[in-house]
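Construct the entire structure; sequences and hints are all you get.
2 protein chains.
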Amino acid sequence: MTDLDLLAPNTERLSARIAELAGFHDSTFPGWSREVFSEPYRASRQWVREQMADAGLDVVIDAAGNIVGRLPGRRGGGPALVTGSHTDTVRQGGRFDGIVGVMAGIEVARRLRETGVQLEHDLVVVDFLGEEANDFGISCMGSRAIAGVLRPDHLDRTDGTGLRLGDALAGFGLDPDAALRQGWKSGDVHAYVELHVEQGPLLEQSGTAIGVVTAIAGIDRLLVHFAGLAGHAGTTPMADRRDALVSAAAAVLTVERVGCGAPVHGVATSGHIESSPGSMGVITDEARLWAEIRSVDRTWLHGARKQIVDEITAETRARGVDIDVDWLTDQDPVPTSGLVQDVIAQAADHLGDSWKAVPSGAGHDAAHLSRLGPMGMIFVPSVGGRSHCPEELTAAEDIARGAHVLASTLITLDRREEVRHA
Amino acid sequence: MTDLDLLAPNTERLSARIAELAGFHDSTFPGWSREVFSEPYRASRQWVREQMADAGLDVVIDAAGNIVGRLPGRRGGGPALVTGSHTDTVRQGGRFDGIVGVMAGIEVARRLRETGVQLEHDLVVVDFLGEEANDFGISCMGSRAIAGVLRPDHLDRTDGTGLRLGDALAGFGLDPDAALRQGWKSGDVHAYVELHVEQGPLLEQSGTAIGVVTAIAGIDRLLVHFAGLAGHAGTTPMADRRDALVSAAAAVLTVERVGCGAPVHGVATSGHIESSPGSMGVITDEARLWAEIRSVDRTWLHGARKQIVDEITAETRARGVDIDVDWLTDQDPVPTSGLVQDVIAQAADHLGDSWKAVPSGAGHDAAHLSRLGPMGMIFVPSVGGRSHCPEELTAAEDIARGAHVLASTLITLDRREEVRHA
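Residue numbers (our numbering), protein chains in the order written: chain C, 199 to 620; chain E, 199 to 620.
Check each hint, because a few of them may be wrong.
Note that identical chains are pooled: a pair holds if it fits in a single copy or bridges any two copies.
Subject to a maximum C-alpha distance of 25 angstroms in a straight line, what follows is the list of computed SDA-like cross-link-like pairs (lysine to any residue) [what the hints assert, rightly or not]:
#, residue 1, residue 2
1, K504, W525
2, K383, A345
3, K504, R515
4, K383, H352
5, K504, L451
6, K504, M478
7, K504, D365
8, K383, V258
9, K554, P435
10, K383, G364
11, K504, S477
12, K504, G371
13, K383, A425
14, K554, F227
15, K554, D354
Keep in mind the hints are simulated off the structure, nothing from the lab.
Below is the structure:
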């Protein structure tokens with residue numbers, strides 16, 4: 199029996215811990231709500247800290263609120279093997295997104311201690327602060343701070359109540375100014391590997407146990423403003439109209455069509471339409487459409503942007519409606535390390551798990567950690583591909599398989615002197 | 199010179215009165231806002247009452263708030279010739295919609311007195327309360343009360359603040375219970391003729407002075423509920439989506455297409471879309487679309503309803519989205535009296551004004567008055583077809599031409615013993 203086999207997780211314990219963490223939630227909403235800065239999140243973090251300490255990790259909470267647990271390696275310092283994820287949820291979310299990566303990381307540490315296997319490198323398990331999208335408009339707060347890309351203007355962003363993010367962090371007992379200066383150095387990370395639920399249907403549909411993530415999708419967002427002409431809905435002939443809502447509706451279908459024309463890993467989604475005056479009997483003179491495109495393929499993203507702008511501009515102008523399109527790149531596509539991909543796939547093969555290469559359509563803390571060292575991600579199947587909803591589910595055995603692949607991957611990477619340029 | 203020529207209005211006086219009434223408006227909004235129950239509306243009604251009295255009319259305000267001015271005819275009682283319109287406006291509306299009909303009615307009364315022409319029938323000029331759409335969801339309050347179709351459940355409707363219409367009427371110094379019982383009898387009206395701005399472009403585009411209204415459009419409203427499935431916008435493949443917003447957008451285009459396929463007098467308009475959750479990164483699971491179709495042609499309305507339901511149901515189900523469609527007939531099409539049409543057209547011919555038969559896409563108090571006797575409407579051109587906006591404009595000479603045709607029409611109808619069955 200090799201170390202790889204020895205490190206099989208205790209499936210029952212891992213499941214119990216995940217269920218226990220789910221107990222911390224805001225019960226005024228259906229499903230599981232543990233939003234960043236909420237009381238249930240505050241309470242759950244104390245529990246996570248205790249779990250890490252109980253697993254033998256030295257725990258610190260950094261200035262940005264990341265819970266960082268360290269298991270010293272034989273070398274006593276130098277680049278660390280890092281794993282982790284997040285324990286905050288979206289409102290009315292589920293019990294697995296993020297949570298699985300943190301609890302599996304702690305389980306790996308427990309198994310290392312229980313089996314007496316010692317790594318060369320320090321193993322660092324991180325519960326990153328506030329990964330999910332929030333009212334401040336900035337996801338992945340904690341991993342951005344560790345990657346050194348949290349900026350002063352981020353702290354000045356406000357939520358719907360006018361609260362500054364900086365003040366929210368301070369109110370949560372953190373040090374926002376120090377958070378801006380606490381970025382890790384590139385040499386601090388030997389490799390970063392994150393276990394996560396897929397949040398999509400590809401693994402389940404193909405009956406595959408393990409997803410080897412090839413890249414984390416880039417996200418381009420667009421806000422389209424349509425300016426038509428108000429008019430009486432009873433008296434204005436169809437041919438004389440400049441109806442901004444009709445133009446916005448046509449744009450929604452164009453966005454969908456461009457998404458459907460994408461290669462496997464491209465999607466395009468309209469978020470919502472706002473229009474005015476919005477009264478019955480009046481033709482809409484102003485409409486705004488929020489939409490986004492995502493792909494791991496930067497070339498496709500560029501082409502899709504151009505296609506969307508060209509097509510909706512032409513079809514909007516043909517209706518006599520003026521149009522203004524603003525694009526914002528929310529995140530560039532981030533490829534994972536080829537070597538980490540190979541190590542994950544070999545671990546799955548060794549453990550007898552089926553695997554396939556998959557993209558990540560969702561953003562992850564891993565995208566930020568990739569600035570510090572070679573990065574890889576392991577996906578496990580989501581039932582029905584559902585996520586960010588109470589129905590979110592991954593079977594206990596599937597999580598255990600993923601945790602075992604994570605442990606094996608970390609051990610293999612630990613034994614490589616240099617991952618970066620491999 | 200016949201009486202018809204004698205009754206030419208004083209153009210300058212008529213324009214001055216219209217401008218004076220425009221002075222009563224809520225200046226916190228752009229344009230002209232004199233909404234029902236507002237302070238400017240309350241103040242303007244005192245002024246309208248004085249104008250009627252000054253023109254020699256006996257003025258009463260009925261329980262529903264209609265300002266009713268009567269000029270006794272030679273017969274002293276019996277069926278009356280009725281004219282009028284409304285002086286409330288939509289928010290950020292114009293200076294002519296409704297107002298022209300009330301002020302022209304008063305001008306006709308002044309000219310009758312100035313020229314010593316006495317009618318056989320009483321002439322009644324009415325400023326109907328609250329014709330425009332409002333937050334209580336019931337237009338034409340005053341003319342409904344006179345037609346005897348204001349119902350107790352109308353009084354229980356509430357605005358956005360929870361205020362009951364009945365309480366709003368009482369707070370405006372009116373008597374809502376009495377308003378329910380004050381419907382006129384059918385024999386009270388010899389004929390009803392209303393002068394109004396067209397609010398559409400047909401007269402201006404064809405260079406025509408007078409519109410002889412053939413019918414007031416019926417309005418069918420629809421509320422469509424789309425139920426899809428929420429999902430992660432990054433991880434859900436395009437082919438697996440059940441996006442309610444895309445279905446709603448497709449329905450907007452279907453509504454437009456059905457409207458464009460209508461005969462001259464059919465229009466179809468989407469008012470707005472509400473969708474949830476409305477967050478970036480999440481596929482829309484619920485959407486609601488409010489839309490309406492209008493036509494003077496009942497057969498087309500029926501066909502259009504069926505076509506819209508069939509097409510959007512098919513296209514929505516094809517996307518795996520559930521659909522529920524509710525229709526509400528807001529108003530049936532109301533044809534005008536053929537005889538009144540003829541009299542209006544002859545008056546225009548006699549006065550040397552070009553005329554054409556036109557539909558009314560908008561609703562009017564006249565639609566309700568048609569329950570009480572033969573009804574006709576005279577339209578004058580709207581610059582650019584604009585209405586319900588500050589840019590609403592009809593030239594002073596065009597209004598004067600309309601007022602003259604109104605006077606001539608009333609005199610001709612006065613001399614007919616019986617209009618109803620002609």
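Now the hints, each set against the structure:
1. Proximity of K504 to W525 under the C-alpha cut-off of 25 angstroms is restricted to the intra-copy arrangement: shortest distance 11 angstroms within a copy versus 40 angstroms between copies.
2. In this assembly of identical chains, the alpha carbons of K383 and A345 lie at most 25 angstroms apart only when taken from the same copy (8 angstroms versus 82 angstroms across copies).
3. In this assembly of identical chains, K504 and R515 lie within 25 angstroms of each other by CA distance solely inside one copy; the values are 16 angstroms within and 31 angstroms between copies.
4. Within a single copy, K383 and H352 get their C-alpha atoms as close as 21 angstroms, which meets the 25 angstroms cut-off; across copies the closest is 70 angstroms, which misses it.
5. Taking identical chains as interchangeable, the C-alpha atoms of K504 and L451 lie at most 25 angstroms apart whether they share a chain (16 angstroms) or sit on different chains (23 angstroms).
6. Taking CA atoms no more than 25 angstroms apart as the test, K504 paired with M478 passes between copies only; the shortest distance there is 21 angstroms, against 35 angstroms inside one copy.
7. In this assembly of identical chains, K504 and D365 lie within 25 angstroms of each other by CA distance neither inside one copy nor across copies; the values are 39 angstroms within and 56 angstroms between.
8. Taking CA atoms no more than 25 angstroms apart as the test, K383 paired with V258 passes inside one copy only; the shortest distance there is 18 angstroms, against 86 angstroms between copies.
9. Within a single copy, K554 and P435 get their C-alpha atoms only as close as 56 angstroms, which misses the 25 angstroms cut-off; across copies the closest is 17 angstroms, which meets it.
10. Proximity of K383 and G364 under a CA criterion of 25 angstroms is satisfied intra-copy only: 23 angstroms inside one chain copy versus 71 angstroms between copies.
11. For the identical chains of this complex, K504 and S477 are inter-copy neighbours only, at 24 angstroms across copies versus 34 angstroms inside a copy, given an alpha-carbon limit of 25 angstroms.
12. Within a single copy, K504 and G371 get their C-alpha atoms no closer than 45 angstroms, and across copies no closer than 61 angstroms, so neither meets the 25 angstroms cut-off.
13. For a Cα distance limit of 25 angstroms, the shortest separation of K383 from A425 qualifies neither inside one copy, at 48 angstroms, nor across copies, at 49 angstroms.
14. In this assembly of identical chains, K554 and F227 lie within 25 angstroms of each other by CA distance neither inside one copy nor across copies; the values are 36 angstroms within and 61 angstroms between.
15. In this assembly of identical chains, K554 and D354 lie within 25 angstroms of each other by CA distance neither inside one copy nor across copies; the values are 42 angstroms within and 63 angstroms between.
Comparing the model with each earlier hint shows violations of hints 7, 12, 13, 14, 15; every other hint is respected.
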